[in-house]
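K.L.:
Sequence:
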Amino acid sequence: MKDLLLRDAETLFALFGDLVHQVLVTERLGEVAEHDITHAQVEALQFLSRHDPNCVGDLASGLGISYPAATKAVDRLVAKGLVTRREGERDRRQSELTLTPEGRELVEALKVSRRERLEAIFARMSGEDQKALLRGLKGFLTAAFMTDKALIAETCQRCGIDCFKDCVVNQSHLAFLGSEIERV
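When we follow this note's numbering, the leftmost residue of the sequence shown carries the number 21, and every step to the right adds one.
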(Lines of atoms letter the chains of each structure in order from A and count residues from 1; the text may use other names and numbers.)
(Lines give C-alpha, C1' and ligand atoms only; values in the text may rest on other atoms or scores of the structure.)
Protein backbone atom coordinates (compact mmCIF):
# COMPACT_ATOMS: atom_id res chain seq x y z
CA MET A 1 0.00 0.00 0.00
CA LYS A 2 2.81 2.41 0.92
CA ASP A 3 4.56 1.73 -2.42
CA LEU A 4 1.36 2.51 -4.34
CA LEU A 5 0.87 5.71 -2.37
CA LEU A 6 4.45 6.78 -3.04
CA ARG A 7 4.13 5.94 -6.74
CA ASP A 8 0.92 7.98 -6.97
CA ALA A 9 2.59 10.84 -5.10
CA GLU A 10 5.54 10.80 -7.51
CA THR A 11 3.22 10.85 -10.52
CA LEU A 12 1.03 13.61 -9.11
CA PHE A 13 4.00 15.75 -8.09
CA ALA A 14 5.52 15.40 -11.56
CA LEU A 15 2.21 16.42 -13.17
CA PHE A 16 1.69 19.21 -10.64
CA GLY A 17 5.22 20.55 -11.19
CA ASP A 18 4.82 20.48 -14.97
CA LEU A 19 1.42 22.17 -14.76
CA VAL A 20 2.65 24.87 -12.37
CA HIS A 21 5.59 25.58 -14.67
CA GLN A 22 3.35 25.76 -17.74
CA VAL A 23 0.56 27.81 -16.17
CA LEU A 24 2.49 30.07 -13.84
CA VAL A 25 5.79 30.48 -15.68
CA THR A 26 5.64 29.73 -19.42
CA GLU A 27 2.24 31.32 -20.05
CA ARG A 28 3.21 34.40 -18.03
CA LEU A 29 6.39 34.85 -20.07
CA GLY A 30 4.29 34.75 -23.23
CA GLU A 31 2.23 37.64 -21.89
CA VAL A 32 5.33 39.83 -21.58
CA ALA A 33 6.99 38.65 -24.79
CA GLU A 34 7.58 42.23 -25.94
CA HIS A 35 10.25 42.48 -23.22
CA ASP A 36 12.08 39.37 -24.54
CA ILE A 37 12.64 38.25 -20.96
CA THR A 38 13.66 34.86 -19.61
CA HIS A 39 12.44 33.06 -16.51
CA ALA A 40 15.81 33.68 -14.83
CA GLN A 41 15.44 37.40 -15.51
CA VAL A 42 11.93 37.35 -14.04
CA GLU A 43 13.35 35.70 -10.90
CA ALA A 44 15.98 38.46 -10.71
CA LEU A 45 13.31 41.15 -11.08
CA GLN A 46 11.16 39.53 -8.40
CA PHE A 47 14.12 39.29 -6.04
CA LEU A 48 15.04 42.92 -6.63
CA SER A 49 11.44 44.01 -6.10
CA ARG A 50 11.54 42.49 -2.60
CA HIS A 51 15.10 43.55 -1.76
CA ASP A 52 15.41 47.07 -3.15
CA PRO A 53 18.05 48.50 -3.36
CA ASN A 54 20.46 45.63 -3.73
CA CYS A 55 23.84 44.71 -5.21
CA VAL A 56 24.93 42.02 -7.66
CA GLY A 57 26.51 39.86 -4.93
CA ASP A 58 23.29 39.78 -2.89
CA LEU A 59 21.30 38.96 -6.02
CA ALA A 60 23.66 36.08 -6.84
CA SER A 61 23.46 34.77 -3.28
CA GLY A 62 19.68 35.14 -3.08
CA LEU A 63 19.07 33.35 -6.35
CA GLY A 64 21.73 30.71 -5.78
CA ILE A 65 23.62 31.61 -8.96
CA SER A 66 27.22 32.62 -9.67
CA TYR A 67 28.36 36.23 -9.51
CA PRO A 68 29.12 36.28 -13.28
CA ALA A 69 25.63 34.89 -14.04
CA ALA A 70 24.04 37.58 -11.84
CA THR A 71 26.15 40.26 -13.52
CA LYS A 72 25.07 39.04 -16.96
CA ALA A 73 21.39 39.03 -15.91
CA VAL A 74 21.69 42.55 -14.50
CA ASP A 75 23.44 43.78 -17.66
CA ARG A 76 20.56 42.47 -19.76
CA LEU A 77 17.91 43.92 -17.44
CA VAL A 78 19.66 47.31 -17.47
CA ALA A 79 19.81 47.19 -21.29
CA LYS A 80 16.06 46.48 -21.38
CA GLY A 81 15.38 49.46 -19.12
CA LEU A 82 14.00 47.33 -16.28
CA VAL A 83 16.80 47.87 -13.74
CA THR A 84 19.08 50.80 -12.93
CA ARG A 85 22.60 50.45 -11.64
CA ARG A 86 24.26 53.29 -9.76
CA GLU A 87 27.23 53.81 -7.49
CA GLY A 88 26.52 52.61 -3.96
CA GLU A 89 25.91 55.30 -1.37
CA ARG A 90 27.80 53.45 1.38
CA ASP A 91 30.42 51.75 -0.76
CA ARG A 92 31.40 53.14 -4.16
CA ARG A 93 32.85 49.78 -5.18
CA GLN A 94 29.40 48.19 -5.09
CA SER A 95 26.69 49.17 -7.52
CA GLU A 96 23.18 49.61 -6.18
CA LEU A 97 20.48 47.93 -8.22
CA THR A 98 16.91 49.18 -8.28
CA LEU A 99 13.94 48.48 -10.49
CA THR A 100 12.89 51.17 -12.92
CA PRO A 101 9.20 52.14 -13.02
CA GLU A 102 8.89 49.87 -16.08
CA GLY A 103 10.54 47.02 -14.14
CA ARG A 104 8.11 47.50 -11.24
CA GLU A 105 5.16 47.55 -13.66
CA LEU A 106 6.35 44.30 -15.23
CA VAL A 107 6.73 42.56 -11.85
CA GLU A 108 3.26 43.77 -10.83
CA ALA A 109 1.73 42.66 -14.15
CA LEU A 110 3.21 39.18 -13.72
CA LYS A 111 1.92 39.02 -10.14
CA VAL A 112 -1.60 40.06 -11.20
CA SER A 113 -1.56 37.60 -14.11
CA ARG A 114 -0.45 34.73 -11.86
CA ARG A 115 -3.16 35.56 -9.34
CA GLU A 116 -5.86 35.73 -12.02
CA ARG A 117 -4.81 32.34 -13.41
CA LEU A 118 -4.87 30.80 -9.93
CA GLU A 119 -8.29 32.32 -9.27
CA ALA A 120 -9.61 30.81 -12.51
CA ILE A 121 -8.32 27.37 -11.53
CA PHE A 122 -9.63 27.67 -7.96
CA ALA A 123 -13.05 28.72 -9.28
CA ARG A 124 -13.35 25.28 -10.91
CA MET A 125 -12.59 23.50 -7.62
CA SER A 126 -15.02 22.89 -4.79
CA GLY A 127 -14.41 24.76 -1.55
CA GLU A 128 -13.55 21.45 0.08
CA ASP A 129 -10.95 20.65 -2.60
CA GLN A 130 -9.45 24.14 -2.30
CA LYS A 131 -9.00 23.72 1.45
CA ALA A 132 -7.65 20.18 1.04
CA LEU A 133 -5.10 21.35 -1.54
CA LEU A 134 -3.88 24.18 0.68
CA ARG A 135 -3.74 21.94 3.75
CA GLY A 136 -1.82 19.28 1.81
CA LEU A 137 0.65 21.76 0.32
CA LYS A 138 1.30 23.36 3.72
CA GLY A 139 1.82 19.91 5.24
CA PHE A 140 4.20 18.91 2.47
CA LEU A 141 6.22 22.13 2.71
CA THR A 142 6.46 21.88 6.48
CA ALA A 143 7.67 18.27 6.23
CA ALA A 144 10.22 19.27 3.56
CA PHE A 145 11.55 22.10 5.73
CA MET A 146 11.85 19.73 8.71
CA THR A 147 14.03 17.48 6.55
CA ASP A 148 16.28 20.26 5.28
CA LYS A 149 16.27 23.44 7.37
CA ALA A 150 18.63 25.21 4.95
CA LEU A 151 15.79 24.99 2.44
CA ILE A 152 13.80 27.47 4.56
CA ALA A 153 16.07 30.45 3.89
CA GLU A 154 16.62 29.52 0.25
CA THR A 155 12.90 29.18 -0.40
CA CYS A 156 12.11 32.44 1.33
CA GLN A 157 14.51 34.43 -0.77
CA ARG A 158 13.39 32.90 -4.03
CA CYS A 159 9.64 32.44 -3.78
CA GLY A 160 8.61 35.70 -5.43
CA ILE A 161 5.70 36.21 -3.06
CA ASP A 162 5.51 39.07 -0.61
CA CYS A 163 6.42 38.03 2.93
CA PHE A 164 3.64 37.73 5.45
CA LYS A 165 3.56 36.62 9.08
CA ASP A 166 1.49 33.46 8.48
CA CYS A 167 3.55 32.25 5.49
CA VAL A 168 4.39 28.55 5.88
CA VAL A 169 8.06 29.34 5.26
CA ASN A 170 8.11 31.98 8.00
CA GLN A 171 6.19 29.70 10.36
CA SER A 172 8.62 26.84 9.67
CA HIS A 173 11.55 29.16 10.36
CA LEU A 174 9.94 30.14 13.66
CA ALA A 175 9.19 26.54 14.64
CA PHE A 176 12.53 25.00 13.69
CA LEU A 177 14.96 27.88 14.16
CA GLY A 178 13.25 29.83 16.95
CA SER A 179 12.73 33.15 15.17
CA GLU A 180 10.78 34.72 12.35
CA ILE A 181 12.57 35.34 9.08
CA GLU A 182 14.43 38.62 9.12
CA ARG A 183 13.32 41.00 6.39
CA VAL A 184 16.14 42.03 4.07
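Because the hints were derived from the structure by calculation, they are not lab data. Honestly, I wouldn't trust all of these hints.
Cβ pair distances, simulated, as ranges [what the hints assert, rightly or not]:
1. K92 <-> A143: 23 to 31 Å
2. E174 <-> K131: 14 to 22 Å
3. L157 <-> Y87: 32 to 40 Å
4. G198 <-> A152: 12 to 20 Å
5. A89 <-> E54: 40 to 48 Å
6. Q114 <-> G159: 38 to 46 Å
7. E136 <-> L35: 18 to 26 Å
8. E174 <-> V52: 24 to 32 Å
9. L24 <-> P73: 46 to 54 Å
10. A29 <-> R110: 42 to 50 Å
11. M145 <-> Y87: 38 to 46 Å
12. A34 <-> P121: 33 to 41 Å
13. R27 <-> G84: 15 to 23 Å
Remember, predicted model here, so these are calculated numbers, not experimental data. Every residue, glycine too, gets a C-beta built ideally from N, C-alpha and C.
K.L.:
Which constraints among the numbered hints does this structure fail? Numbers only, ascending.
P.N.:
1, 4, 5 and 13
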